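K.L.:
For reference, the chains in residue letters:
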Amino acid sequence: MGETVTYFSEVREAIVEMGGKDINLCMQCGTCAGTCPWGGLAEKSPFNIRKMIYQGMIGGEGFERDDILYACTTCGHCSVRCPRGVKIVDVVRAMRSVIAETGGMPKSLKTVLGSIKSQGNPWSQEREKRTDWAGGLGIKEFAPATEYLLFVCCTSVYDGRSQKIARSMAELLHKAGVNFGIIGSGEQCCGETLRKMGAEREFSELVQENIRLFKDQGVKKIITTSPHCFQAFQQDYPDFGGNFEVYHYTQVLNDLVKEGKLSFSNGFAQKAIYHEPCYLGRHGKIFAEPRELLLSVPGLELLEFDKNKKDSLCCGGGGGRIWMETKQGQRFSDLKVKEAFQKAADTLVTACPYCVIMLEDSVKGLNKDKEITVKDISEVLRESLA
Amino acid sequence: MAKGIWVFAEQRDGQMKKVTYELLSAGRSLADRLGGELYALLLGSGVAGLAPALGEHGADQVLVAEDEKLAEYTHDAFVGLLAGLAKEKKPTAILMGYTAQGRDLGSGLAQKLGTGMVSGAVSVKLEGSQFIFDRPLYGGKAYATVTCPEARPVIAAMRPNVLPVHAPRAGRQAAVEPINVPGNLRIRQAVKEVVLDVSSRPELTEAGIVVAAGRGVGGPENMKSIEAFADTLGAAVGCSRAVVDAGWYPQARQVGQTGQTVAPDLYIACGISGAIQHVTGMNSSKCIVAINKDPQANIFKVADYGIVGDLFEVLPALKEELQKYSA
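Top line first, the protein sequences correspond to chains U and B. When we follow my numbering, the leftmost residue of the first sequence carries the number 1, and every step to the right adds one. When we follow my numbering, the leftmost residue of the second sequence carries the number 387, and every step to the right adds one.
Same shape as in the complex, but just chain U (with noise of 0.2 Å):
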């Protein structure tokens, strides 16, 4: 069909304005689509990370379509290989910003933009349920003397395969003597993904009511069980003035390992592989602790991906792409479990509540669940406790 092509250079100004000013920088080499795990996908996709910026260069229509711009699942492994350094993320989540002043958004992630202002968490649970999760570990609620708040991603808080890593991180820091605790049903969700769908200005109002309640709490140092609640705190609160000493727990088990705080006797025999999490590997650059963690547990086998470090294959969750359909075909969490099974590895481990339910699906739509478990690093740790 033809449809008329028109140009409008305002596009390219307001992409700037909402904070990718990159976007002058690039001079489409197309690295970044020739880096993309959706280049090559079994079934081809209409999103090409490359040709988008264009569009967004030219003003051009078509880029604001849920299969091209919310495609990208800000993994950020282009930005890696850019010849310019241009902060491709950046780009990706002002274009999304454009749509959403105007009140475009992808259906379903304007669910999730509802839920999370309305109850404080992105899966449409009720704020009065936050630390359910908890029941029976006598975690103690945050005080002026606590040294850590343990941040539970809201998907670990609520979903019931999740909520195995809430508890499993909190078993080990009590075991381990950590004083940490938790703020309860004041909590809310970090907002990470409100960023990368687009929605900036609820974000920042997310951001400013999070800080103060941190602040009035006294909270200096956080302990997160996801990476994204991590890189949300640790580069994006900066900029609201929210400077808190904040960790991904991997970095706080693996000082505790290495202090002797913790040790791992009962090791069974394991063939692990481990998948990076984008925003603790490449976003993060959190790539050693996760590793020693695994090779702490006696008994246990490390393999690694192909692709590893900071060359991973993204699992497909991130940038609100979790609560988006993906095809058949293009999933990458897919790819990932092949190589496992190809691999013989017996657990697939990773350490982020989003990569688990991907690679949990995968895994299942795969028929490999009897073959292949998938774990989060705290799990593993907390099942091989002494």
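If you're looking for bench data, these hints aren't it; they were derived computationally from the structure. Values in this document were obtained by computation on a predicted structure and should not be read as measured data. Idealized CB from N, CA, C, for every residue including glycine. Just so you know, not all the hints are guaranteed correct.
Label pairs and their in silico Cβ distance ranges [said to hold, decoys possible]: (1) U:K327 - B:K578: 17 to 27 Å; (2) U:E205 - B:A649: 48 to 58 Å; (3) U:K310 - B:K404: 48 to 58 Å; (4) B:D399 - U:G62: 44 to 54 Å; (5) U:K110 - B:N547: 16 to 26 Å; (6) U:K310 - B:K610: 46 to 56 Å; (7) B:E707 - U:Q328: 32 to 42 Å; (8) U:G299 - B:F698: 37 to 47 Å; (9) B:K404 - U:E304: 54 to 64 Å.
Assemble chain B onto chain U, guided by the hints.
P.N.:
Relative to the frame of chain U, chain B by itself:
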């Protein structure tokens, strides 16, 4: 003749699409301003009976092409026939709905007639002899005002449900003129089957009771027993994403984050493990009953009643009990 406004009268199975009347209402005003006539182009098989209604809605003339070859829309037949006719009769503008048919037809005509096409417009007006259209961009976030300055006819696909329908004038008659359908019309497309998604069951999102199937049902053949069970309750049938992925049930019936959100009085989850993406789509249901053979399944955390057991032992027993109640 040169001031004629054409409206493509889209119909399916002898039912006129509402957009046709919207176009006729808009076309009537344009034709009056131009001092020209409004034509409705009616193509199909057994559609002549629809012509009077087109007259009542404002058409001055109805050009009818009746032929079995036109029973289903095909690009070659419709574009071929109308392009030939347009070359002969030289209308000023051709309007159609921004529908699957209209988009295909309009772009084909524009190409054959060497003119431009305005796609997805929401309004049309005349400034002098120029047709001025507004069309939304970026999914309605911005509007562009466009025109087709030189080439004629102006072809435009107008979005359905936007333009108002003027009240029909009963008894207003249009001249009906048959169009000759050439016997040698070359049609490369063949419509083999039209699959309509019809169900005698209630709408998923409106049903009081929803019976939903998960991977635990085991295979597509077992969807029949789920449907049969749903029918004893007058329930709608839903499913989890795993079932859609496996190709056992259509995506339109998927409940969850990327499917439908439902909140019935009663939700019966059959063999659904309860992944959070599914739960998001149904946990506002007033009463949730879960049947699953795994007592650890997450679905039991959101269920008001849980039945641990084999689905195909539980369902028949449940059905039998329910039938006693309804008897």
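K.L.:
Hint by hint, note whether the structure agrees.
P.N.:
Hints and how they fare:
1. Between U:K327 and B:K578 the C-beta distance comes to about 25 Å, which sits within the given range of 17 to 27 Å.
2. Evaluation of the 48 to 58 Å hint for U:E205 and B:A649 yields a failure: the beta carbon distance comes to about 28 Å.
3. A C-beta distance of roughly 56 Å is found between U:K310 and B:K404, which places it inside the suggested range of 48 to 58 Å.
4. In this structure, B:D399 and U:G62 break the distance hint of 44 to 54 Å, their C-beta atoms being roughly 33 Å apart.
5. Here the CB-CB span from U:K110 to B:N547 is close to 21 Å, well matched to the stated 16 to 26 Å.
6. Separated by about 51 Å at the C-beta atoms, U:K310 and B:K610 satisfy the suggested range of 46 to 56 Å.
7. Restraint check, B:E707 to U:Q328: a C-beta distance of roughly 38 Å satisfies the suggested window 32 to 42 Å.
8. About 41 Å separates the C-beta atoms of U:G299 and B:F698, a value consistent with the hinted range of 37 to 47 Å.
9. Take B:K404 and U:E304: their Cβ atoms lie about 60 Å apart, and the range 54 to 64 Å holds.
Hints 2, 4, counting from the list given before, are not met by this structure.
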